[in-house]
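S.K.: Now for the letters of each chain:
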Amino acid sequence: MVILRLRQFFKIISMEVDQLTIKETLEGFRKKQFSLMELLKSYYEKTKKVNSELNAFLTIKEFGPIVENGPLLGIPVALKDIYITEEMRTTAGSKVLSNYIPSYNATVVDRLFKSGVVIVGKTNLDAWAHGSSGENSDFGPAKNPWNLDFVPGGSSSGSAVAVAAGLCLAATGTDTGGSIRLPASFCNIVGLKPTYGRVSRYGIIAMASSLDSIGHFTKTVFDSALILNITAGYDRYDATTVNVTVPDYTKNIQKGIKGIKVGIPKEYFSVGIEPQVKELVINALKKMETLGAIITEVTLPHTEYALAVYYIIQPAEVSSNLARYDGIRYGNDRSFFGPEARRRIILGTYTLSAGYYDAYYLKAMKVRTLLREDFNNAFDKVDVLIAPVSPTLPFKLGEKTNDPLSMYLSDVYTVTMNLVGVPSLAIPCGFAHGLPVGLQIIGPRFSEELLFQVGHAYQQVTDWHKKYPKL
Amino acid sequence: MPKTKVKLALVKVQHVAKLAGLVLTKDEEIKLPTQLTQIIDYVNKLNIVKTDKVKPTNQVTNLQNRFREDIIKPSLPQKDVLLNVKESHNGYFKIKAIF
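Chains A and B, in that order, give the protein sequences.
Numbering of the first sequence is given in our numbering, commencing with residue 66 and proceeding in unit increments.
Numbering of the second sequence is given in our numbering, commencing with residue 524 and proceeding in unit increments.
Calculated directly from the structure, the hints in this document are not laboratory data.
Warning: the hint list may mix true and false statements.
[Said to hold, decoys possible] Facing chain A, from chain B, some residues (calculated, C-beta under 7 Å):
| hint | residue |
| --- | --- |
| 1 | Val534 |
| 2 | Ala543 |
| 3 | Ile553 |
| 4 | Pro556 |
| 5 | Thr557 |
| 6 | Gln558 |
| 7 | Leu559 |
| 8 | Gln561 |
| 9 | Thr574 |
| 10 | Lys576 |
| 11 | Thr580 |
| 12 | Gln582 |
| 13 | Ile594 |
| 14 | Ile595 |
| 15 | Leu606 |
| 16 | Ile621 |
The beta carbon of each residue, even a glycine, is placed where N, CA and C say it ideally should be.
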């Protein structure tokens, strides 16, 4: 009888617990609705059950070590497998590192661990974070939980899938040109790309050092603020982290958006955007207007050059960062690099080689200055900008794998924020043909608090973020 | 910025690959010159942007010359550093001769 009751109890948990947010789960612990062990067991069992289909995790842990106390005690969190973890295999999604066991933790991993979270595994990704679909993983692509024939977006593919499918409450990602925002948008969850320098990059395998931003996925904007409270701040091991005070990002989140000036950059609503995407983002803007936001059109005149700038600077920095993989100190030799990494190394080596540096890299860095000026001018007039994350709906697996340039164009609305260094918060704003669509809220450097405020206000009057895929 | 309407020569791609420590596969020898030419043609659109008087952006934080106290702190134990090597000798990395 007792056993039967326990079984029923577990059934109830496994059905509902995975639809809770971090905030609700912490309340559940406090009210003793479930114990930490029950919760973790239910997540572990669900992950074991569905991972073979979704391919979200490369490593699954039943119970990681748990600290005694902390603001996020017992919250299951997954790490993109590009965050190095002591004594836990870290692959970067590449066969080059298929057997690499790091001997220390990334700063963010240490901070999360000390906050009480339980690391439940390492998630799949495009190898070295190169990709927009997850298909460049050397360990097979992760699948979109809303429709398994579609890509979940990349490069932080597995992390987005794990949160969207209810296999953890938050997951970390990296965003060098959209790698958090795009999968968040394709999977109907919240993704934050913080200001460059807000979160330490130490111990996270480098892709393009002047662009890499360290962020995370959650189900709600509020949860995103809870995680940034832990990860943000100066780190002596990363000289690009800035010593700017870390506020409690949840403190002003309820303030609403009355009187906030929202700019619509007209270049992000023109050529190449699918009509359904445009319509859903416009609807969201109308909703914000009813909440008191003031909507105005702005212009970012150099937008059309951003992707070209990105595809010079990023592969150049990639070729330099991947030069260290020689198979001597760790990992396998360079013949283990997959096709996309090889393409980018060669492209970057070419544009940096003698006689081409000024024409490509230096030129790109100059246009990068013009892009920064575009944003500075826009933020003189408005508080935040709102734009779609992707011009298209999620696409099918295999649809773009043979055409690198068309794959690169998936990032056309996201790369600019990395070049400029500003934060951007991606949130769900509707569905078309059963597939999710997201928008991004962009602000000046270190304006994360304001982005959360705007995103949270929107989520109080909409329920897109409460829709879960059927598995 | 050079115009590359002409396809990148295979020999050029092979040379760059060699500089990067990579050996092209047969498949790459066929596909890469075309793919790279497409990408380079795309980025060449920057040619029309006037940048004569524009300063380059190297980084976006505006931080300069960050120094720290030069204090010696313990580093990783030798055992941990050698954890992932295929071959070591007396606590050193063992590699092939380069000369």
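S.K.: Confirm or reject each hint.
M.R.: Hints, one by one, checked against the model:
At its closest, the beta carbon of B:Val534 sits 13 Å from a beta carbon of chain A; the interface hint therefore is violated under the 7 Å criterion. Nearest Cβ of chain A to the Cβ of B:Ala543: about 4 Å, under the 7 Å cut. The hint holds. Checking B:Ile553 against chain A by beta carbon gives a least distance of about 13 Å; that is not within 7 Å, so the hint is violated. The interface hint given for B:Pro556 is violated, since its Cβ lies 10 Å from the closest Cβ of chain A, which is over the 7 Å cut-off.
Look at B:Thr557: its Cβ only gets to about 10 Å from chain A, farther than 7 Å, so that hint breaks. A distance limit of 7 Å between C-beta atoms decides the matter here; for B:Gln558 the minimum to chain A is near 6 Å, and the interface restraint holds. Using the Cβ-Cβ criterion of 7 Å, the hint placing B:Leu559 at the interface with chain A is satisfied: the shortest such distance is roughly 6 Å. Because the beta carbon of B:Gln561 sits about 5 Å from the nearest beta carbon in chain A, less than 7 Å, this interface hint is met.
Look at B:Thr574: its Cβ gets to within about 4 Å of chain A, closer than 7 Å, so that hint holds up. Evaluation of the B:Lys576 hint against chain A yields a violated restraint, the C-beta minimum of about 9 Å exceeding 7 Å. Restraint check, B:Thr580 versus chain A: the minimum CB separation of about 4 Å is within 7 Å; hint holds. Using the Cβ-Cβ criterion of 7 Å, the hint placing B:Gln582 at the interface with chain A is satisfied: the shortest such distance is roughly 6 Å.
Taking 7 Å as the C-beta contact cut-off toward chain A, the hint placing B:Ile594 at the interface is violated, the least distance being around 11 Å. Because the smallest distance between the Cβ of B:Ile595 and any Cβ of chain A comes to about 15 Å, over 7 Å, the interface hint for this residue is violated. A hinted interface residue such as B:Leu606 counts as satisfied when its beta carbon comes closer than 7 Å to some beta carbon of chain A; here the least separation is about 6 Å, so the hint holds. Against a cut-off of 7 Å between C-beta atoms, the interface hint on B:Ile621 is violated, since the closest Cβ of chain A lies about 11 Å away.
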